[in-house]
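**Q** From first to last, the protein sequence lines stand for chains A and B. Quick note on numbering: the first sequence equals residues 0 to 174 in numbering that gives the first Met the number 0. Quick note on numbering: the second sequence equals residues 0 to 255 in numbering that gives the first Met the number 0.
These aren't lab readings, by the way, just hints derived from the structure by calculation. Certain hints may be false.
On the chain B side, residues computed to face chain A include the following (Cβ under 8 angstroms) [stated by the list, open to error]:
#: 1; residue: D15
#: 2; residue: A42
#: 3; residue: R47
#: 4; residue: L50
#: 5; residue: Q52
#: 6; residue: I57
#: 7; residue: A58
#: 8; residue: P63
#: 9; residue: L66
#: 10; residue: M71
#: 11; residue: I72
#: 12; residue: R75
#: 13; residue: V132
#: 14; residue: R168
#: 15; residue: R191
#: 16; residue: G192
On a predicted model such as this, the values are computed, not experimentally measured, just so you know. Glycine included, every Cβ here is placed at the ideal spot set by N, Cα and C.
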Amino acid sequence: MNDMLRLVEPVIPALRRYARALVRNRATADDLVQDCLERAVRHWHERREGDPRPWLFTILHNLAVNQFRRSARRGQHIAIDEANEDDFGQDAVQEQKLIYQDVLDKLARLPDDQRAVLLLVAVEDLSYADAARVLDIPIGTVMSRLSRAREKLQQEIEGSADGAPKNVVQLRSIK
Amino acid sequence: MTNRPITEDDLHAYVDGVLEPEREAEVAAYLEGHPDMARRVAAFSDQRDLLRQALAPIADEPLPSRLNLSGMIEKRQRRPSPVWWAVAAMLMLSIGGLGGWVMRGSLQTSSGGLAALAQEAAYSYSVYAPDRVRPVEMRASDSAQLVQWVSNRLKQPVKLPDLTASGYRLMGGRLIATSHGPAAMFMYDDDRGDRLVVLTRPMISDQSAPMAPHSGGDVSGFAWADGGMGYSLVGQAAAEALKPIANEVRRQARTI
Chain A
0 MNDMLRLVEP VIPALRRYAR ALVRNRATAD DLVQDCLERA VRHWHERREG
50 DPRPWLFTIL HNLAVNQFRR SARRGQHIAI DEANEDDFGQ DAVQEQKLIY
100 QDVLDKLARL PDDQRAVLLL VAVEDLSYAD AARVLDIPIG TVMSRLSRAR
150 EKLQQEIEGS ADGAPKNVVQ LRSIK
Chain B
0 MTNRPITEDD LHAYVDGVLE PEREAEVAAY LEGHPDMARR VAAFSDQRDL
50 LRQALAPIAD EPLPSRLNLS GMIEKRQRRP SPVWWAVAAM LMLSIGGLGG
100 WVMRGSLQTS SGGLAALAQE AAYSYSVYAP DRVRPVEMRA SDSAQLVQWV
150 SNRLKQPVKL PDLTASGYRL MGGRLIATSH GPAAMFMYDD DRGDRLVVLT
200 RPMISDQSAP MAPHSGGDVS GFAWADGGMG YSLVGQAAAE ALKPIANEVR
250 RQARTI
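Same shape as in the complex, but just chain B (with noise of 0.2 angstroms):
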């Protein structure tokens, strides 16, 4: 038993049921021996009872079409026209698959170089990139001193992607432990939640390897090395649509 006295707060926590036990059956022992106090409290929580029976059955009802979440994401998306997306699939198909076959037999035979960093950066994301609470271990707000902090480490200039034009906001980044050193992680997410990953690192073989797709599990990504540091950019979404971020993560690590 503690001393606290009983407050109005506890009863009202009482009778919403969210004190600690402990504190729960202090209150209720005091209510035994304060036959008014208990029956107020009795009433407080038939009232809300009664006001959560009154209202039960609109949570029941069947959703309107016009509150249909799926149609305002589409909506939001402003997909492409089928047209652009025929156009894109007949390309992909064409170079993406003959470029794709061509590439695997290098990602698969080099163990130690770009088609390891594909592996760290898909085994980044599947660990941070569902985490709610901490997907990021510096927030976008101190990007600065995040870049800072990783090419410090990386011992090389890492220069932080901007993707916003792309529609991908950045969350932050953290410094990731692989077997061939350091890595800097960086997360983005787009309007719907969709997040993406860009991992870079010093490579060691591979120094300078052209952008190649790589897949596995449910994400998918690209991964390249240009002037002994690698990149790999990695997320959920389609490969086609992924293309072009890691294009653009290129462009813009090379004009550093």
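So here's chain A without its partners, still in its complex pose (with noise of 0.2 angstroms):
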């Protein structure tokens, strides 16, 4: 039994880095993979044969919409994690911490539908063919999506590749 236990679970870390790098909260982000799993289990019946990793994909990127129009409308302010300040590990790690920082901070700048392309294609390693069925979309959109968000990315690397720590200490100093 339990094709869904072993068929799922596995898929849980990805669905929740996935939501996490979409809404850059990890409260907000569980509620999502919370009701994604639960939608899940109910619907389990209903899911298409073979690897299930696109249709969870495709419940939690619809949950997160609903969750992005949701807060638009109230003009509701997610609170963006920080890094991890009280950690004091070695500089080089801190460092590496600060690049990483920086460009997931450049990745949530990125327009929403880009951004989601992006992560299931680069990140998640959806094929483009399974990025399209999650998002909706035709696979030549999936296409055009992803060259212009990593040419929109790059240009923000390459703009402040002289200055990325310093970018980086400017956007904490605001906060």
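Starting from two chains that each stand alone, build the complex the way the hints lay out.
**A** Here you go:
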């Protein structure tokens, strides 16, 4: 028995990662994943045969989109998780963390639809066809959004290439 | 070498490592001759690596307890109370145990009858139920055609059991070859994805036989025969969970 447990449980870490990258807040992201899993349990018999990953990402993505719409309507502010400020590891580790934080900040500035494509394809390893299914768009649109996302992110990265750490410090001092 | 021009899509697929080996070699050759494009592709690759590294720690975090999937599944199952189970277990021990022992003889001796049918159903379950791609040949959406098809082949009116009241949904079915002729197999699943198989065919011996439990490997089931048609229901659930479903199948089949 428990096909569902066997097939879905290994995907949960990736679902959390995708949700967190989209909404950038641990509690909100885990709310979405919890909602996604509960729906998956309820609707397990409606899935297509085969790999359930695209199906799970579709549920999660739609929940995230609804969440975006709700918070946009309410003008609600979702707090962005800070990097672990209390973690004073070695300088090298700390610096690495700043670089990661920096690229995630830049990722967050991409339009939602471009960010979603980039995450599904480049981080979650969905095929272009599966990403198209998750986002309910033609595969050509996946490719053009992927291209725009990569170009834009690259401009951001290169734009701050000489002052990346400075940029991070500046961003942090605003909060 | 193909003569297809390199496209933007090829470059992204190259970055994502999803090109066929031959095409990948062509893109690599192209990039060697176009250093500007190669720099851009390399930058995209670095960007991809950086994103993956930056997000990897999230997937490594221990899962918070509210994302415990088995807990959610159990909650969904809404198990009957322990008292109910105790009563059921006592009933099974007193009735099922004795009945099972008595039936055992009849199942073992009648090789062409109920025992053979039970075996065919168990084989069908083990072959088709784990199939993720095409467990059934005709899906539930074509159930009318499915019933017509198997009724024609079995030369008997076959009724499709409706198990929604028991929590099982029809997935579809197919025709099965047995050494006693064609049989119809119907497959069902529940909200957890657990599958059941109902096998039915005309009986040569044991034209009418009371319901008897059977088990083998990790599947168990119940077989019976009514008015010349044999039935077997097989699943991985416990026998006490399958018994009422088998009763339901029998009840519905009798109303043809």
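**Q** Could you check the structure against the hints above and give me the numbers of any it violates, in ascending order?
**A** Structure breaks no hint.
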